[in-house]
Amino acid sequence: MNSLRRSDASLLGLLAILAATALFTPSWLMSLLAVALAKSLVALGLLLLLRAGLVPFGHALYYCLGGYVAGLGTPWLGIRDTLLLLALASLLSGSVAFVAGFLMRRYRGIFFAMLSMALSMILYGVLLKSQGLGSSDGFTVARASFFGVQTAGVGAIRSVYLLTAVVTLLAAWGVSRYLATAMGHVGPAIRENEVRVEYLGASPSRVIHMEYTASGALAGGAGALVAVLVGQVDPGMGFWMTSGEFVFIAILAGAGGIWGSLAAAFVLEGIHALAFEYAPQYWKFVLGAALLLLIVRFPSGLSSILKTRGKVPS
Amino acid sequence: MSTLLTILIDGLIYGAWLFLVAAGLTLIFGVMKVLNIAHGNLYAIGAYVAATAMGAWFADRPPSFAAFAIQLGTAMVAGVVMGLVLERGVLRRLRGRDEVSLALATYALLLVLDDVIQFIWGTSAYPASAPYGLLGSSEINDLRFNNYEFVLLAAAIAVGLLLWWLLQRTRTGRCLAAIIRDPEMSAAMGIDVERLYLATFVLGAVLAALGGALTAPMIQVAPGLGAEVIVVTFAVIVIGGMGSIPGAAVGALVVGLARAATIHLFPFAEVFIVYAVMALVLAVRPEGLFPQAALRKI
Amino acid sequence: MKFKSNFRWIAVASLGAAFLFGATGAMAQTGKVRIAVVTPLTGPLSVVNGPGQNAARMLAEAINKGELPAPYNTGKGLGGKEIELIFLDENGGNAKQVAEFRALVERQGADAVMGFGSAATCVAIAPVAEELKVLTVMSTCATPRIFEDGKYEYVFRTTGSTTMDSVALALYAQARMPAAKTVGHINPNYALGQDAWRDFSAALKAVKPGIEVVAEQWPTPGSGQYAAEISALATKRPDILHTSMAGADLEAFFTQMRPRGLHERSKIYAPLLELSMHRMGAQIPDGVVFTARGTNGLFAPKSALNDWFTTHYQSRYKDAPVYTAYQYTNTLLALKAAYDSAAKAGDTGTPALIKALKGRSIETPSGTIRLALGNGHQAIQDMAVGEAFFDAAKKTVSVRNAMRFPAECVNPPEGIKSEAWLASGMAGRKCDGIVAAK
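If you read the sequences in order, they're chains A, F and Z.
Under this note's numbering, think of the first position of the first sequence as 2, with each following residue one higher.
Under this note's numbering, think of the first position of the second sequence as 15, with each following residue one higher.
Under this note's numbering, think of the first position of the third sequence as 782, with each following residue one higher.
No lab work stands behind these hints: they were computed from the structure.
Take these hints with a grain of salt, some might be off.
Claimed, not checked - Keeping only pairs whose Cα atoms sit at most 30 Å apart, straight-line, the calculated BS3-like set for lysine-lysine is:
no. : chain 1 : residue 1 : chain 2 : residue 2
1   : Z       : K1211     : Z       : K1136
2   : Z       : K1048     : A       : K130
3   : Z       : K914      : Z       : K862
4   : Z       : K1139     : Z       : K1198
5   : Z       : K986      : A       : K130
6   : Z       : K989      : A       : K130
7   : A       : K130      : Z       : K962
8   : Z       : K1198     : A       : K130
9   : A       : K130      : Z       : K932
10  : A       : K130      : Z       : K1017
To be verified - Examples of chain F residues lying across from chain A (beta carbon under 8 Å, computed):
no. : residue
11  : L49
12  : Y121
13  : D128
14  : D129
15  : V130
16  : F133
17  : V245
18  : V252
19  : V285
20  : Y289
21  : M292
22  : A297
23  : P300
24  : E301
As the list claims (entries may be wrong) - Derived, one-sided and incomplete: chain F residues facing chain A with beta-carbon distance under 10 Å:
no. : residue
25  : R107
26  : L108
27  : R111
28  : F282
No experiment lies behind these values; they were computed from the predicted model shown.
We put the beta carbon where it would ideally sit given N, CA and C, even for glycine.
Only chain A is shown next, with the shape it has when bound in the complex (with noise of 0.2 Å):
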């Protein structure tokens, strides 16, 4: 219980200097800062199936969707006020990952990965192919509003910034308690050995849906987040590459729970963001490079969570 509230301290800590960097920060970097607190709370979600054992290279499904849901509350639906977008876009991507999560939980490793790919594939080829939403253009979405007052300029940014900042240590505060639960603890049973689990009593497949839900949920949070953020949505935000980013981010994040995740959101987003600037024409060298030495360098952070399967003793 003890390292339970340090860890909700630290939580409480890091939003207070969050909120406090707000005041004087630039509007370049609280949205970066903002991009990367969105980016850790994708990775959260992810952080659950990965101790399953399950990686989704599809989850920019969900966060596409929250993404479009979130534009498209304005206009086809009259709403303005951010707050209620943003829970419609988590509630919308949860369900979508309900459904889906009754076909993907059927499936393990290298499969669920190429599956989530394949459905996340389809929606990106469905948002090409509307004419009306945009097709790889995207379409504006409207500056963030509360309770009616709309904000403009840097106080548009600044109020994202604080709302992706107290969503994302929220939702990381429940997932440590999550973690915390015994439910949550099946997840890494699951992993070392499924057969063992469903012999205990419990249902791996139940545990996964539910993680699959609440990821797809996490996700398409954030999604939101940062249309509200860039006021621009498009296809690309379901791109395979796009989840490669985030499932990048949750392997790195490795065993350190919840602070590695959101860590690992920093970093990458540090390294990208430097390596734009210092290499503009080879970043994404910087950034293939520095990943590699950061999987290398680190074998325990990654494969304390995902051991070798199922290996028959000889």
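Chain A is fixed; fit chains F and Z onto it per the hints.
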């Protein structure tokens, strides 16, 4: 009826192209359990090297059959070099890690190689048209087909037969089968696992480069070459069963025919068809059409 | 406790990164004009925007040295100040683009931004540029949505929109192919392709009512394998075949269809062929109808400025300049004109530049461009359409049967959206002054 024949021909051509690219990927996965996400880059490198070589050779000479020799030669050189560099330089350090970490390492390699390609060849486009018109064309079904595309078909069949012979009829093939089953036991039995891993990866790289080299005359070799290829190739090997060469062939055929049929009959659905087929196959056979037998720990 | 030491390592690295960020941010404002060029440096769009980037560099140097011919021989630099170009890669997703744009303007400080090769980025960045109050002059992206869906004070565009392409091609078809009855298309399945087909088919139906669409193909952008699509199109044999494919995709398509004779069964209308023409050289299929997003490239009217531009570009980059090169050049010339004019009044602040640029007519290697739409922010220019062929005698690609259309003939009038204008049959177009070559 005649549409059916056209669909069949188009499907075979596209399927042949898919198989050429997918064969290496599925081989590498089958033996090393590495899903080489950077496979598209190896394909691209094969295409760039072939295009550069052909551009230089044919700058002052008329097109001739030497082009095919150049394609084969450059593909082998490019494949061997890249295979050695990647396997020894990166993959060896990650030996024994789980599938997903390895796949993510290859994703990082994809990013790195994208920029390496751009660094070497820049953003210009390289034509490689020398062999494209050499074989003339045939009139089938009131449509003219370029015979070069049938070369692709022939190459795919040749590669398929070569791989079959390699895996089923040679000692190396049997060693590979043993490694696929259980690397530790194979090593204990005296098989040089490390060397065979290297050989497998190099072979896969050569196949990818060959796919690129053979495709180069049909397209413009330009940035972004590998990106579209890799997604479709994944779908093919997942449909066929990852690690299975006959599976890759069947998967390539299925995807090729499905796509050709869609283009002729329902063109608006072209963007979905590959993923729809993949989702369909996985829904019915969760591990693909010809999955590798997997052992389960109880 | 490995996790704790990792976390510490990460914390140190983040602090280091923050320091690096801060370091570059503290760059003092020198007496130069910093122009940020947002352009695809990597990825598939880099092939067509590369010439633009080259032209930008060439022009910036020429401006700094004061080597431009009339009417730009007004001394070195922009209003006397030297240009500094900063390049930003337009690749990596909208969220990244917007964040980088903000960082660029707020941290490094940019006096003006130009470039923009992708419509998605344009649409995303226009409102941000307006919010940050930075002068933004779009050079290449051509979606009509920018000034039709929004009003901007700080955003300009020195190139015409894609509407021009579609209308000009339709009018060309009306003039030169009166007997055509069927039309088909193969367009890449994303916004550019979808909009191009929508506009072209609307324009064509307006001038040739009764024309029938017999074949549609929507290949994935970047696919590169078109054998099946070519078979399908060859079976249907439309009289006119429209394709807005560009760059590597178009070249692959042409390479694959040429031995199969698709261009002999159908007349191909490829508006974006100009970007690939010179590269294809003798491989170019004979008689493809094309345009150059304005009177650029082979359609450029003869002038001292154009001669200077093409000679210098050719000798420096060993290649003929395609229309993206003209577009980036036109932006820099527009900026030069605005700066010179504002400098004469003694004030080169952004509001003064905006006033100087609004509604301006600018002399360029492509002829005159006028910022006549979007309340003085959106450019229009004359349009030309012709057939491409390889001149074996001169060993170069050339154009024949060219037709020239005045700007008001192929652009919607002020205040009317392109889509609505096309649906109404291009009502109100002023087409006196169409010139047809023999």
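How about F/V285: closest beta carbon in chain A under 8 Å, or not? holds, 4 Å
For a C-alpha distance cap of 30 Å, please report whether A/K130 and Z/K932 respect it. With Cα atoms ~28 Å apart, A/K130 and Z/K932 stay inside 30 Å; holds.
Taking the closest Cβ pair, is F/M292 under 8 Å from chain A? holds, 5 Å
Hint check: 8 Å Cβ-Cβ cutoff, F/F133 to chain A: For F/F133, the interface hint holds, since the closest Cβ of chain A sits about 7 Å away, which is under 8 Å.
Using 10 Å as the Cβ threshold, decide whether F/L108 counts as touching chain A. holds, 7 Å
Residue hint F/P300, partner chain A, criterion CB-CB below 8 Å: Given a least distance of 6 Å, the restraint on F/P300 holds.
Please check whether F/V130 passes as an interface residue: C-beta within 8 Å of a C-beta belonging to chain A. holds, 7 Å
Pairwise hint evaluation, A/K130 against Z/K986, where the allowed Cα distance is 30 Å at most: holds, 23 Å
F/V245 was flagged as interface toward chain A. Is the shortest Cβ-Cβ separation under 8 Å? This interface hint holds because 7 Å falls under the 8 Å limit.
Would the pair Z/K914 and Z/K862 pass a check requiring their Cα atoms to be no farther apart than 30 Å? This hinted pair holds, its Cα atoms lying about 21 Å apart.
Hey, does the F/R107 contact hint survive, CB to chain A under 10 Å? holds, 5 Å
A closest beta-carbon separation below 8 Å is what the hint needs, so does F/D129 meet it against chain A? Since chain A brings a Cβ to about 4 Å from F/D129, closer than 8 Å, the hint holds.
When each numbered hint is compared with the structure, no violation occurs for any of them.
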